[in-house]
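Q: As a plain string of letters, each chain reads:
2 protein chains.
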Amino acid sequence: MIYKRVALIGLGLIAGSIALAAKRRGLAETVVGTARTAQTRETAQKIGLVDEVFETPEQAVKDADLVILCVPVGAMAAVAAQIGPHLKAGCVISDVGSVKQAVIDAVSPHLPDGVIFIPAHPLAGTEHSGPEAGFATLFDNRFCLLTPTDAAPVNEVARYRDFWEQMGAKVEQMDAEHHDRVLAVTSHVPHIIAYTMVGVADDLRRVTNSEVIKYSAAGFRDFTRIAASDPTMWRDVFLNNEAATLEILGRFTEELFALQRAIRKGDGELLFDYFTRTRAIRRGILDAGQDTDAPDFGRTRSD
Amino acid sequence: MIYKRVALIGLGLIAGSIALAAKRRGLAETVVGTARTAQTRETAQKIGLVDEVFETPEQAVKDADLVILCVPVGAMAAVAAQIGPHLKAGCVISDVGSVKQAVIDAVSPHLPDGVIFIPAHPLAGTEHSGPEAGFATLFDNRFCLLTPTDAAPVNEVARYRDFWEQMGAKVEQMDAEHHDRVLAVTSHVPHIIAYTMVGVADDLRRVTNSEVIKYSAAGFRDFTRIAASDPTMWRDVFLNNEAATLEILGRFTEELFALQRAIRKGDGELLFDYFTRTRAIRRGILDAGQDTDAPDFGRTRSD
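So the sequence lines, in the order shown, correspond to chains W and U.
Everything in the first sequence is counted per this note's numbering, starting at 118 for the first residue and increasing by one.
Everything in the second sequence is counted per this note's numbering, starting at 118 for the first residue and increasing by one.
Any given hint might turn out to be false.
Identical copies carry no separate label here, and so any pair may be met within one copy or between two of them.
[What the hints assert, rightly or not] Within a straight-line C-alpha distance of at most 20 Å, the following computed DMTMM-like cross-link-like pairs (lysine to aspartate or glutamate) qualify: (1) K382 with E364; (2) K287 with E328; (3) K382 with E359; (4) K179 with E359; (5) K121 with E359.
Just so you know, the hints here were simulated from the structure itself, not pulled from any lab data.
Bound-form chain W, shown alone (with noise of 0.2 Å):
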């Protein structure tokens, strides 16, 4: 047992994961959760993905060793001064965002004295969201970053860690603002684009009635399954690492613009030279064991 009460303020797929995770291995006596809508508490109830399921944030939090707070991140102000007079003397409170510097900015002026402030970002998730997709294992083996200011007590941000350690992910600590530029090229941008080649699809389906969808085998395929995440978490995200998105948007529409150049002027050796440089990138994630070598993802089929 690491924290004997941890309170999960929403529960979603990664507050149920961090739950299931955290019962498989004992790392806490009690695992209580709120969630904003009476819909999701009472799923949560009904499958037990808690021990005990409160109304509101404040009730949630009382007594709480951990409280990690699991909402969007546009949401974490307002919860973060819901809950600020209801925490524990010594608590440590964290959350699950993707954006970490926002979220800083948004939390730390709720926090009373004496709270222990230690942002994570755990790299996993699904397109699946809500109480009921989450599992144990989706932290297995993945990522979770951590961007603690350097008023968190080195022993408390150790414990921490081990949390997470124990409930399967690989622990790495940098600086907030490192961290946002980083995720904005590995994962916030990839979604911008991905739900715009979505969006263009969805405006030539009009056209040509279900075909984009029909053929999707390769390519698109896989945009659908990226764009299909939680829209309110995405906007968050956008709005809140606004400058790193930008700024590596534009470094993209510049690389796009010069592969169109290529095309339009029959340019193959261009062409040729850059698919085999992104080629080398995938055996480099390979390597690090980020994804699975086997063809087609190791897809099963589903028809």
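Chain W is fixed; fit chain U onto it per the hints.
A: Using the frame of chain W, we list chain U on its own:
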């Protein structure tokens, strides 16, 4: 048995899968093949991919009832010129190119009278290539699009259709120009975008060391798979489907700029509505049986 003797020109992922799928169901008495490089020919021979491996396309097509060109789109014209004089009268010739109008333009002039050309495009593949990448179930439940011209006898089209259906594919017919437009949306433009994004990340990797690869869990990882596809094949696709690719890319850029503007202006409502709309499209793809609903693609962990 549908064809007595089948000749495959090129022995990569698709050709290998055709050989294995045809054998599995006894669709051909003999399957022979040839490949440009001695190394591929030797590997194919060693693993027994086809009944006989020939050194040249001329030798391979001799007495064949069905010849399938499984070479990059850019190589089709040269191969057709080479084999044209050696094709058996009345034989069917097909291809598996991702672009159809350009292949028709490249191949048709080299075919003698009495030979029946039925262009095809199986919507199947993985990011792997080469003679050892093929497998017998690659086409199971995947679409194969035929784009025969009016000159092709109906009974011969039906027979070739049967060949693909018995290899597991769902076969549909359409005209070549329409095919090229639909595929630009579902496959070609998604690929150029994925290549671009991975290229951008590669530039940045030099700055942030290996972090881009390390933390590639969500979004970017899916792009790298797409961008790991065969460089020669994709160079030829873009050079040979230039018009449709550039048209769709134009639409894409237009939409991307609209979302970029929404991020800059902090227009959360526009982003939310857009992301909600694209999410629905994923549902359409699952309903069409084109992907698995298992979380994270049903990926098996490689670590």
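Q: Give the relationship of K121 and E359 under a CA distance limit of 20 Å: within one copy only, between copies only, both, or neither.
A: Cα proximity of K121 and E359: none, with 38 Å in one copy and 62 Å across.
Q: Please work out whether the CA atoms of K179 and E359 approach to 20 Å or closer within one copy, between two copies, in both situations, or in neither?
A: neither (35 Å within a copy, 62 Å between copies)
Q: Between the shortest in-copy and the shortest cross-copy C-alpha distance, which are at most 20 Å for K382 and E359: within, between, both, or neither?
A: between (34 Å within a copy, 10 Å between copies)
Q: If the cut is 20 Å between Cα atoms, do K287 and E328 qualify within a copy, between copies, both or neither?
A: between (42 Å within a copy, 14 Å between copies)
Q: When no copy is named, should K382 and E364 be tagged within, between, both, or neither for a Cα gap of at most 20 Å?
A: between (28 Å within a copy, 15 Å between copies)
Comparing the model with each numbered hint stated earlier shows that hints 4 and 5 do not hold.
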